[in-house]
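Chemist: So you can see what is in the structure, the chains are spelled out below.
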Amino acid sequence: TQLLEQSPQFLSIQEGENLTVYCNSSSVFSSLQWYRQEPGEGPVLLVTVVTGGEVKKLKRLTFQFGDARKDSSLHITAAQPGDTGLYLCAGANTGFQKLVFGTGTRLLVSP
Amino acid sequence: ETGVTQTPRHLVMGMTNKKSLKCEQHLGHNAMYWYKQSAKKPLELMFVYNFKEQTENNSVPSRFSPECPNSSHLFLHLHTLQPEDSALYLCASSAILRGFTDTQYFGPGTRLTVL
Chain L
1 TQLLEQSPQF LSIQEGENLT VYCNSSSVFS SLQWYRQEPG EGPVLLVTVV
51 TGGEVKKLKR LTFQFGDARK DSSLHITAAQ PGDTGLYLCA GANTGFQKLV
101 FGTGTRLLVS P
Chain X
112 ETGVTQTPRH LVMGMTNKKS LKCEQHLGHN AMYWYKQSAK KPLELMFVYN
162 FKEQTENNSV PSRFSPECPN SSHLFLHLHT LQPEDSALYL CASSAILRGF
212 TDTQYFGPGT RLTVL
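Protein sequences, first through last, are from chains L and X. Going by my numbering, the final residue of the first sequence carries number 111, and the count climbs one at a time with no gaps. Going by my numbering, the final residue of the second sequence carries number 226, and the count climbs one at a time with no gaps.
Just so you know, these hints were derived from the structure itself, not from any lab. Among the hints, erroneous ones may be present.
Which residues of chain X face chain L? A few of them, derived with a C-beta cut under 7 Å, are [stated by the list, open to error]: (1) Leu154; (2) Tyr160; (3) Thr212; (4) Pro219.
Please read all numbers here as calculations on a predicted model, not as lab measurements. Where a beta carbon is used, it is the ideal one built from N, C-alpha and C, also for glycine.
Work out the full structure: start from the sequences and follow the hints.
Modeler: Okay, structure coming up:
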C-alpha cells in the first residue's frame, strides 16, 4: 500500500510569513499533484509535477518534485489570509484514476 | 464552480433511514468517482465508474450502493448506516482519452451526519 505523509499537520501563521509543506513517501510515483480545499468545498487542483526535480511556480506558491519522485514540497512566500485551507498532495501512477492522497496540512493565515 | 455539482450539500439521517446522494458533472467527462473524507483519515476512494461501468470498489460495505445511469450522473444510495459513516462524501469526474485518465475535478461534497 502506497502512503503519503504530509508535515506539518497544522500550521498557523501571520500574514506575510513564509512556509513550507512537505509530502513524503517510500514509494515512487509517476506524478504528483497538489490540491487546496477550502471549508465547505471540494479539493481544487493547484499543480501537477511529473519530472523528478521539477519546480513549478504559481504566483507566490513554489512546488518541487523530488529527484527520486518519492517526495514533494510546497513553499508559500508572503502568505495571505486567502491561502487559508487544507493542502493535499496526491500521488499518481500511469494516469490520474487511482490517486493516493496525503494526510493533509491545514493552514491558517491570520491578518 | 468546477462543473461538478452535488446534492444535497448537507444530510442528517438516522441509522434506519434510506437516502441517496446525487452528483452531476457538466464537463463531458466519462469517468466518475465517489470518495469519503473523514477527519481522521486521508481522502479514501470508494468507487470508480468508467463509461458507466463500475471498475473499482475499494472494499466498501454493502450499505453503500452506487449507481451510474449515464456518464453525467452518479448516485450513492445509503441504507442502515452507522455513526462512523458520518463524513464528507465527495464526487469527482475526469476525462479518459485513448486509455489515459486525466485530472479529476471534484464537487463541493455532501456533509453526512448519521445519528
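Chemist: If a hint holds in the structure, say so; if it doesn't, say that too.
Modeler: Each hint, compared with the structure:
Using the Cβ-Cβ criterion of 7 Å, the hint placing Leu154 of chain X at the interface with chain L is satisfied: the shortest such distance is roughly 4 Å. Interface restraint check: Tyr160 of chain X against chain L, minimum CB-CB distance 11 Å, threshold 7 Å, status violated. A least Cβ separation of about 4 Å between Thr212 of chain X and chain L falls short of the 7 Å threshold, and the interface hint therefore holds. The criterion of a C-beta within 7 Å of any C-beta in chain L is met by Pro219 of chain X, whose closest approach is roughly 5 Å, and the hint holds.
The earlier numbered hint that this structure contradicts is number 2, and it is the only one.
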